[in-house]
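Chemist: Each chain, letter by letter, is given below.
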Amino acid sequence: MDIINLVFVFVLAIFLGVELINKVPSTLHTPLMSGSNAISGITLVGALALAGSDNEIVSILGAVAVGFATINVIGGYMVTDRMLAMFKKKEGGDGK
Amino acid sequence: MSTEIIDLVYIAAAILFIVGLKFLGSPATARKGNVISSIGMAIAVIATLFTKGLNFELIIGGFVIGGLIGAVVARKVEMTSMPEMVALFNGFGGLASLFVGWSALKATASPEVFFLVTVFLSILIGGLTFTGSLLAYGKLSERISGRPFVYAGQRIVNSGILLAVVVCAVLFIQNPADQNWLYLAVGLSLLLGVMFVLPIGGADMPVVISLLNSFSGIAAAAAGFAIGNILLIVAGSLVGASGIILTNIMCKAMNRSLSNVLFSGFGTVSTSSGPVIEQGEVKPMSADDAYYVLEAASSVVVIPGYGMAVAQAQHVVKELQELLEHNGAEVVYAIHPVAGRMPGHMNVLLAEADVPYDLLLEMDQINPRMETFDVAIIIGANDVVNPAAREVESSPIYGMPVINADQAQTVFVLKRSMASGFAGIDNPLFFKENTRMLFGDAKETLGNLVKAFD
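These protein sequence lines are chains A and B, in that order.
Everything in the first sequence is counted per numbering that gives the first Met the number 0, starting at 0 for the first residue and increasing by one.
Everything in the second sequence is counted per numbering that gives the first Met the number 0, starting at 0 for the first residue and increasing by one.
If you're looking for bench data, these hints aren't it; they were derived computationally from the structure.
There could be a bad hint or two in this list.
[Said to hold, decoys possible] 20 Å max Cα-Cα, derived EDC-like pairs, lysine to aspartate or glutamate:
(1) Lys-87/A with Glu-77/B
(2) Lys-450/B with Glu-280/B
(3) Lys-88/A with Asp-353/B
(4) Lys-51/B with Asp-53/A
(5) Lys-21/B with Asp-53/A
Go ahead and model the full structure; you've got the sequences and the hints to work with.
Modeler: Shown next as structure tokens:
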């Protein structure tokens, strides 16, 4: 893809990120960090294709990346869910 | 599946990430938001698996090993250890980006300059995120000393490393076929991460973790540029932006610039030069006497700090809260943005103890009405309630926004001993007329208070 298009998307995504995250209350900052950590495990998608290369070095490096990114994705989402399940409001106590 | 369909799925995944982050804007919807975000991840991964020519043996191997480690850690980790776990995961994210960049380089026969720049960046940022996070993990879990490590000529050494990075980048881009520059780049990035976290003390960790969080996202975005994958760029920059905002919030809450946090080795500088001000008698109090004050109180504010996490006192705090409420008192919690070792650390611990999140107030909400509270109970917090930040111009933390605990009618400080706080700064709060010190382990002291109520 065109370099300029990629940069364009990059810049817009940063601005969008700033707008979105500014609205997150401080009480949720820890889950926000672990949740965004899970999202940064998106490198998994890039690693998958590389792991399938015919070149042995490329595929081994790719597979290692798959492993580490998977730790991030699985661990990140699970621990975030565990934390968020504990946040309860005073009234009702219905877990919301 | 054709690449067009995969790209369409990527767009859907990006939308789910964005909606998921939007739902994180309120505690009521946050859990749903996390699920939505994880669905985005799942469909992106599944669609990618339909790419032609994948090597499923290696992929499944990576999935199983990584998934098992991730799942076990996520289930086992104690809530008090959350900062070091997040640090560790940041590091793995950075390492994954490093390997993607490296692998992409090996996969490309005749690389262009732009490609080489992005590969270099993903290796550099990924590598420094990895070692920086490992060091932060070590400091947070107290496997190594949390003290800032400062030595003479540190700036010169660091400048030298940075210069070497730039030179290495130029040589790498000019001779991509020469392996040595690549290995040097990997080595320098790992060294840079160590040098970057080494001078930073435990109390400044919220800033460092936020920054490393941001780096892990930016490294993913750089890897996305390297392999021309737009989803990596979008997701990576969302995470990068998130980390930058948190870093900014943490710096503001300490009234310090980012460069001051990163390069000054705060604490070691101030211990020797800190002038002794307003020293006087501290007034210790027993838990039994404190009970009588609490029993008569109609409003109580609890101000937790890192000491609550260390003593694992969050559950007994909640017990005390219930007893006080039963006794007719209003109980709220005041949370300073940098209390603890990462953004939102205290909130998670109190949530674990079933404290409703609407009782947790931010500094700006609590300060205007601090005078109306009969008792402020400070549990293992020090610098974030230090009135020197308002009153003593020569104090190293002068100007830092603090919770004005001293303005409550009576202040209870739960503290292990009279040793100064992490930053080594004197706290005049301990000597104020309305302050009473409850010495000892926070959990034990609170337990005694709870017993007194029974």
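Chemist: None of the hints should be skipped; say for each whether it holds.
Modeler: Now for the hints, and whether the structure bears them out:
Using a Cα cut-off of 20 Å, the hinted pair Lys-87/A and Glu-77/B holds, with the two alpha carbons roughly 19 Å apart. Only pairs whose Cα atoms come within 20 Å are accepted, and Lys-450/B paired with Glu-280/B is rejected, the gap being roughly 29 Å. Straight-line distance between C-alpha atoms of Lys-88/A and Asp-353/B comes to about 9 Å, which keeps the hinted pair within the 20 Å bound. At most 20 Å may separate the alpha-carbon atoms for a hinted pair to count; Lys-51/B and Asp-53/A meet this at roughly 12 Å.
Restraint check for Lys-21/B and Asp-53/A: the C-alpha separation of about 41 Å exceeds 20 Å, so the hint is violated.
Taken one by one, the earlier hints fail for this structure at numbers 2, 5, listed in ascending order.
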